[in-house]
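**Q** In case you want the letters, here they are:
2 protein chains.
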Amino acid sequence: MSRILAVDVGGTTIKAAVMDADGTRVMSAAVPTPRGDAALDAVATLGSRLIAACGPVTAAGVLVPGIVDPDRRMGVYSANVGWSDLDFGGPLEDTWQVPVGVGHDVTWGGLAEAATGAAREASDFAFVALGTGISAAIMSGGRMLSRPGAQPGELGHVVIRPGGQECSCGARGCLETIASARAIASAYGVASAGEVFAAAAGDARARGVIEAATDALADGLALLVALVAPEKVVLGGGLSLAGAALADPVARALAGRVRVQPVPDVVLAAHRDQAGLAGAALLARTRQP
Amino acid sequence: MSRILAVDVGGTTIKAAVMDADGTRVMSAAVPTPRGDAALDAVATLGSRLIAACGPVTAAGVLVPGIVDPDRRMGVYSANVGWSDLDFGGPLEDTWQVPVGVGHDVTWGGLAEAATGAAREASDFAFVALGTGISAAIMSGGRMLSRPGAQPGELGHVVIRPGGQECSCGARGCLETIASARAIASAYGVASAGEVFAAAAGDARARGVIEAATDALADGLALLVALVAPEKVVLGGGLSLAGAALADPVARALAGRVRVQPVPDVVLAAHRDQAGLAGAALLARTRQP
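If you read the sequences in order, they're chains V and X.
Per the working numbering, the very first residue in the first sequence carries number 1; after that it's consecutive.
Per the working numbering, the very first residue in the second sequence carries number 1001; after that it's consecutive.
Hints are computed from structural coordinates only; laboratory data are not their basis.
Be careful, since some hints might not be right.
What the hints assert, rightly or not - Part of the chain V face toward chain X, derived, beta carbon under 8 Å:
(1) Ala171
(2) Leu224
(3) Pro262
What the hints assert, rightly or not - According to the in silico footprint, chain X covers these stretches of chain V (three or more CB under 8 Å from chain X):
(4) 144-151
(5) 274-282
It should be emphasised that the depicted structure is a prediction, and the values quoted were computed from it without experimental measurement.
Every residue gets a Cβ at the ideal spot worked out from N, C-alpha and C, and that includes glycine.
Let the hints inform the model, and build the full structure from the sequences given.
**A** In structure tokens, the structure reads:
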């Protein structure tokens, strides 16, 4: 049976899984993401352990954040994890002894939603990954926006609150400073955004933090809609585990803000926070001998 | 000789020209844009007068603002001029007795800059038309963003000053309320933005109005750069007649705001405020028998 290894390097967690040809998971695993170049070793070790446990795979797909060069299979730059010009493809192929594809995490998460998720048959949509940071994959006319050396879709770094809180990018008032999973957790003083959503039923302060985040997200999405006019917005990443408690207020707020474009549907990613892994599996399939 | 008729319906002025095959203008003319459906009659009359004066043409290209359906050759919606579902192609073809193409003004202005202007050999650029309103044509990977029934590139309606001045679209703080030619003229209390640029050398208040506009424009462009990552921004429309007095401060301010993408070049449209007419001529050429 033709199995592949899928790896999604997030800002906080590296997720990996060995999958059967039909997408069934044989085994999955996760470790925290070390800062800087150490992330590469962590990926290599995690993948090797899964292969050792499950038996050989025929190819691997590895998704990384930031600016990615899929041809040279390098992580060009990641502010969140802290590497630059890090070669993933060569070392991982040496370690695992199978063909390795390297791609941009959110782009392939969006491609997974287009292939088997909430964006099937959509040629104009935005897949928004809400995690440690916020980033979007934008499909327009059936093509994913991309440009060598750049990364369209940096929704986390659109300024929605001029003069607001300082962002890791150096600007003030970026969407990420209010609506990322990290920002939501930090505003409420807990470790994860999930705790804030869990507390919301009984606590007005938690509801306030969530409302500030969903309002901010609608402000950012309104900018995206004005500029690229998607017919659908697909919410993924860890924050999408909150389900309707996230999607409903965002959809309502966005409908009130979109003026000169058709109002897009707002839906949850079918793969929820696993869209990256599903995308990594897609990428691995393109590398199979 | 194969001559064509080119018409660009702007928010304030309808421009038209008869051109030779090599793009040389035989004659041009302009009239104010009447509100609503009356714009169609004004286009028909202006075109007929030029044809009567210059002799027959073999095709015509008519550019209109707002949301456009090029297949049905209709102006679907224009907030600035005030029509909805207005058929241009059929009536104009009946009047002029030649094939008539109908297209979106800013899209074809951008295509003209790509064909014969400041965006030659660029596959990722934004053409920004700065006139009565502000709108952009965005080319990504060699494709102009477009979607039937929508109009990507509504840069004038990105909110850059939350809670700011009310815009014609109903939102507050849109880029258009500060940086359009109309907004600049109105902030200084004169009829045209050109007068404000002319006054700037000797008057600090004029300089203040221009600085507010170029800062706002850089804020809006920074959003566009974060989301679609163009390698080049081409400034066109009536405001581009201000030349370096517009482009230099915008380029400087934008360079200070772009964080997570390569900083794009900011250049003036080679066709300045005539990019629309050049685009209309391109469109007419596609309709020649």
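**Q** Does the closest beta carbon of chain X sit nearer than 8 Å to the beta carbon of Pro262/V?
**A** 5 Å, holds
**Q** Within the assertion that chain X covers the segment 144-151 of chain V, do at least three residues meet a Cβ-to-Cβ distance smaller than 8 Å?
**A** holds (count 6)
**Q** Checking C-beta pairs, does the segment 274-282 of chain V have three or more residues closer than 8 Å to chain X?
**A** violated (count 0)
**Q** Against chain X, run the beta carbon of Ala171/V and see if the smallest gap drops under 8 Å.
**A** 5 Å, holds
**Q** For the hint on Leu224/V, does the least C-beta distance to chain X fall short of 8 Å?
**A** 6 Å, holds
Of the numbered hints stated above, the single one contradicted by the structure is hint 5.
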